[in-house]
Amino acid sequence: MLAWTIYLSFAGALLQALLPKGRNDLARWLALAFAVAGLALAVAGFVAGMGQGRVIIIDAPWVPTMGIHYLLAADGISRVLVLLTGLAAVAGVLFSWNIELRTNEFFAFFLALIGGVYGVFLSFDLFLLFVFYEIAIVPKYFLIAIWGSTRREYAAMKLALYSFAGSAMVLIGLLAAYATSGSHSTSLIDLAAYAHSGGLPVSFQMWCFPLVFTGFAILAGMWPFHTWAPTGHVAAPTAASMLLAGVVMKLGAYGCLRVGIWLFPHGLDSWGFTLLGFIGSWRDVFALLAVIGIVYGALVALAQTDFKFVIGYSSVSHMGFVLLGLMTLNQIGVTGAVMQMFSHGIIAGLLFAIVGRIVYERTHTRQLDELETMHLAKRLPFAAWAFVVAGMASMGLPGFSGFVAELQVLVGAWTAKPWWTFAAGVGIVVGVAYTWRALQKAFFSDRLPTADEHPKTGWHNLGAITWPEYAGVALLTGVSLFVGLYPRILLDTIEPAVKALLAGGGQ
Amino acid sequence: MNYPGFYPDLFRVTLPETALEVAALLVLVIDLGFLRKAALKVRVAVAALIGIAGCGAALWALQCTARSGLSFDGDVLLAQGGYTQVAQTGILALTILTLLLFIGSAFTRHAGEYVSVVLMAAAGGLIVSSAQDLLVIFIGLELLSLGLYILTAFAKSSGKSAEAAMKYYLFGGMSAAFLLFGFSYLYGISGSTNLNKILLASFYSSASGGAPLLYVALVLIAAGLGFKVAAVPFHLWAPDTYEGAPAPAAAFIASVSKVASFALLISISTAAVHLFDGVHELRFVAFTLGPPPKYLGLWIPWSLILTVLSAASMVVGNLAALAQISVRRLLAYSAIAHAGYILLGLAFFSHSNASANAILYYILTYGLTTIGAFGVVDVVQRATGSDRLDAFLGLHKRNPLLAAVLLVLFLSLAGIPPLVGFWAKFNLFAAVLGVSAGPVAFALVALAVALSAVSLYYYLQVLKRAYVMPAVDETPIKAHPVTMAVLLAIAAAVVVFGCFPALLQNWIAGF
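Keeping their order, the protein sequence lines are chains A and B.
FYI, in the numbering used here the residues of the first sequence are 1 to 507.
FYI, in the numbering used here the residues of the second sequence are 1001 to 1511.
Same shape as in the complex, but just chain B (with noise of 0.2 Å):
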């Protein structure tokens, strides 16, 4: 077959994933062919400089493609436009962080793969959050992983990152299989790879009985998907990745990856609710068969397996954070509790933009405010050798910036207003029991706010070392200026944007 303009429009289309894979080969051929006899400062900064030329480029191109998005016969490929532009230029933006982090944080001197691997990476995480295409999401979905399987295992001399790494690997092999499976169900029922077409077959199929075998592919995927972003029962992954990982990988894992899984669940949960707007369809169906199914399309199952994946989240995210020693692992944990808000929001999601623009809204400033939090354990890990919550005993007196940055970025986790966390988890909630105000969603939503006030909790615990208990060591810690200036902007971006929190709201509503 010949389809004239697709390679023009693939190229247009993917220009920023384009942008993100010359940088990503720039950056090899100088740091490896240019810079061999060079100090390791200076090559950690140059890859990562041209590292963020890369991700400014992408930005651009971003800006300045049209948002028809890329269709192949009719079906749409790749998006654009909408949700997955600013879950785009989050990932962007949230890439620059990760690498300005690295350049404070040199602990390997592959400087020039690092930053390779983490475009990679990132290109993935655009094709994730603009696919519309099983094929697609997939190829996007393994380009993502295979980056961050490699980031984790990036610190060569430690045991820990390997172990990590493997553990990581084999966890996501699996997880990769069961969503192939799931896919290949999907295929099965639907006899197409485009979202909206298996939406649609599926819709016929739940309606002449077919649902058994749709229920099945989507726990397949769901559990594909819920190990991505670190979802009670596949989660298991995560304490061990963020434990183990190198510092600025874990905070890429842990919120470029983020953003553009959840970019996907919102697609899939766009589709799959956009169903019910063709009632025509509807009566159409309930007219021509027999007995009437018990749910038509895909929707109402998986809604019901986001559900019990939230709430199963949400209470062992937060009650196993409790019992941690490591603020890493309490930070994965933490993260996993955090999936957990979100993916109620996914679960009750509306025809109109409120939910996807409130979990953009949550995962956006999630990313961001655990960008900052992993550069701040960085920073006392190398100077004290451990992560354990002692670590951190008197750091107000060692360095008092540093402990304000954590004051304001553990408090914004645990939803303090004015900060930006508060608002994410309000938008969030609100959006839910705008959605559906019946028994179910409010008891879930008063679960999600419950056990946010116990991981006030936890947060405090670490607060408590930083701020409360009498130090043992008062030697000054230093960060590198770089890491420094980050983690204040950051710490100042969760202030500013928790105080005027109109201002990142209206830029979400405005693509």
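Excised from the complex, chain A in its bound form (with noise of 0.2 Å):
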């Protein structure tokens, strides 16, 4: 059933290519229609895997002569992220309802990512998920270069060519593990149970676990190789940023779990002699860069003028309680990780969706000198309370998503090294300061134009808001707040997943 989100999301994007100039409600439509049916399948496959462990979904030989298998397989932790893609893509949908320029070719590279990334979440042979992995990439720049604003030509190769790199360092990495294993089969499973198994010398793992953790980290935003994210999220369309954050980043660091730690376990090990004192393995480096990412991230957005580099670096931040989260390598941290590509996917995509569509295509302006002058919290009340909303869960408050996955994290950071988490605790304080600066100048400032700016940016009328607009930021902080409040529904289902992944795969 949960295959079908993938085939789904391709049809559609080949029925938007085929689809006539001109009928651009239709576009619209279908491409809603698109991905609300695939939202509607990851639930129903959510809800029908509730207690159950990873379910193959299709097993057949694809090259057999390397022993490539199309291998569709869910588990705890695919079963969320695909949730997450269903949800990104009906707002992603909605919050591009006034997309006018070439608006059905807009949706076919729209649907062509969307199901590039049911595939990565779904994929359990190494090849099949890279094949996916890859599918990702080429959309994005289209979407960017064609939709996007600020530099977009820039941002949109900039971020083609840092995934590229990426995903070569992890097809080297693969290459070589496929090597190295010597193994007829490429299936995860049977590749994680051969590693575990003592089956992949240390030595090997302990070169190559890098390699590939930092391909897949790439697209997670690890600092320092996190530059190409705010260009990209500033550059970007709405929905395109949306999925970006939303979405995109989460597949690299669904792969830093999947294929990173999954299959090199040893890849963490201690390295036998420590560096500075403290780093004494990978686990320690990524770690460092995870905290790095963290508080670097937080204090840039204190820094921003436009409203939607804010919002980038803090992704930065937030991605990086992801990657801190997975070097725990325990239990809670983990399963916090997975919680925090949840709600960051559900949160930025909020964030996103009001700073890019709601203000923006109303003010024409993102900065926030100029939206101080402008007033907001009157003019348009839906947008500022919905940024009151989506701040708080950003800023991890009880009652949102984000706060059950950063307490997590942190908890699981305190268990494996203590200082990890008074590092990243200044991140959460840094946090609430940039949230709440930008909420002040965007929305609640009181500021009049001084006689030498233009008053005029400012104050045509800002238009109403449109119903795809209420509906995307009721959806999305409708989840928010139920994940907040009752974030058992999730636990349930990624904790058994995080448990047998972490103990060597079988289930």
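FYI, nobody ran anything at the bench for these hints, they're computed from the structure.
Honestly, I wouldn't trust all of these hints.
As a list, the in silico PhoX-like pairs of lysine-lysine whose alpha-carbon atoms are at most 25 Å apart [claimed, not checked]:
hint	chain 1	residue 1	chain 2	residue 2
1	A	LYS21	B	LYS1478
2	B	LYS1156	B	LYS1041
3	B	LYS1464	A	LYS21
4	B	LYS1464	A	LYS158
Combine both chains into one complex, guided by the hints.
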């Protein structure tokens, strides 16, 4: 059933590409229909999968000479992320309702991207996963380069090259693992079992793990390879930045977990010596980078003048929590990381939608200084209150999904190495500060324009909020609140899968 | 000497080549004899159709002939079956595609002559890919090359075409001289022109200290064959030829001639590797001669030379392509880069069929894709008068189907899954690592993968103009219906073979 999310999305993309020009309304409704159908399948799959372990959906030989299988399966982690993809797709279509330029092509690329993302989350074959992972790169380029804003061609090319460089690293690592294992199966399940039974030499894992992990982590926005993320997010059209932050960065984090950690269990072992007194393994290295990402992303977000850059850097900071959670390697920390993937996917989507669609499309500026003079809280109260809610969720206030996720990551980190928690805690405090600052400046300031500022930019009619915007905001805030109040619904699904994964795979 | 049965055998084995030659003569007779007064369109169509029929007959003959090959005095002259048959089938199929492109691209009044030369060159390609004897190799190569020089010059009113042909011819003549020089050394060392005998002789010669001369011979041969496949540093002709030659001819050079040349390289590498199977003789030499030699046979120097060519081609091809503004030159440098990847597969060659199959998969799919790419460039160039990057501006509005074909083909060349170019690279690199997982092989594969990430940049430069940047001129571009049908078929094949990679793999492995 879940496999149909992939096929439906690609079929939708093909249909959109073949649609005659000028039928924009038809294209929108079709896209919404395909996205909703995908979400419905994802929800059905999630509900049906409750209490179940890993379920093989289809297993057919694909490239028999190399042992590659078309192997789709779903465990708890997959099901949660597929659900996230479905939600992000529906919200993305809703917030791109106003796209008039080459509408059908936009939705064709959009649905192709979504199809690739579903594919990654459901693949349990090493190379099938890689194929879907690469399929997701190309549509991103065109979505940003054609429909984007600020320096879109630069940002799109940068993103494409970063992604492709990352996937080249991954491919090298995967080929090496394939050649070294000498096995005739590329199923992740078989390979993981092989690796956990000591099949792959520890020395090999020690150099192959960082290669693969870094390759994936580039797409997860790991510091210092994060620079594609803010420029890409800012340049992208709203729906694309929602997808980028919402699901594409999760592809990277998911790859780190599913391929990196699962397949190279000894890659994180101690080196046997320490650098600078506290770095004694790849685990310390990546945890350090994650913590730097958390704090650095937050601090840079605090200094931005462009509203969308604030959200862009906040994504880097929040994705740092995911990577930190992965590096704890304990049940609670990794569960928190998966939870954070879901939570950040929803919240970042919401933030980008408010900034990019609801505010920018009406004010035509994202400069906080100019927004200050527009008194948006009075003129766009819905946007202001939606941002208050989204901001609270983003800060990690109890009652929202972010709280559960970050708390678990911090507890996991404390169990692993207490200083990680302190450092990450700094990031949370700064997170409150930049969200507060953006909220204050963009919506609740009552500064009047000075003489040399042109008030005309701000005082034209802002236009009423349309129904797709209400629907999108309601969907995303509803989900974040629901998961925040009743986290068990996801945790019950995630926990057994994480447990099995950390133990080496067999369920 | 009298060898009864040799001539019947010769005729039987070379039936496909004969079919092509007969078709070539038939085209001339019909075009010059009966269609003098017919419209150009009709003449082009008739000539191309006869050519296609000839290729079809050759394909049929290829299926029918026994797989024993042609021997003379116990030495194999022409091999059959196995990778030879795959390459020959590929050559004929790709020739059919280039002939179909010619229908929509009538750049010359001399339709009969053009098709006739294409068929003769293809016959040369067939010989090259089955030859196992130095003399036969050389004859095949010359038959192929002479055809290519003429094809390059075929746009008689274009100065660029003439210049390109001149450069190609001068470089080609030089490299043929190198090749012959190398062959003469090999003959001097071994006293035979048969590949297997040469390799056996080289084995003893290297064991007894005659190695430096072998190196010289191999370097000279690598220079000659490196020219054919446009490997750095023998690549200088490629950008000019690709730019100046008429598009169907350029497509022929980029695909058919590459398939034939790589089939020849497979023959040489197969023979060179094969010798290591003779473990008994190795022991024999080791016990009977004095101090142990540094290496035995041809394999180690040959592999070393190919490795150097491969690394240089990958780096230079990919980096130079970044700076191109002419799409044809860009395709030329990308062809150099692709040749570099394939040479890597030849440098780390396996005893089993794995390497040969991976290389054939690569070169056949690359040939298919590049014919399509030249087809698209030709249509655009006819409409805009230029093959500059800017000629592609707004292609998605001017001809959406053509732009979609371009998207598929270029992404395949960049190696994006699930298109066939990805599997080609993947098979090849997996085959290399299957032969040797040592640091050198691994570093070279890493280099190749990293450079194919670089290659995405220049392919995207073209796609960016086709899809992203605003159009200057929005008048629709019309393509000849036959051309469009061929291009769509190629794009569809690239997608289908990409989604079901086992189809082509099984077909290749089936021979």
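Of the hints stated earlier, which fail here? Checked against the structure, no hint fails, so every one of them is satisfied.
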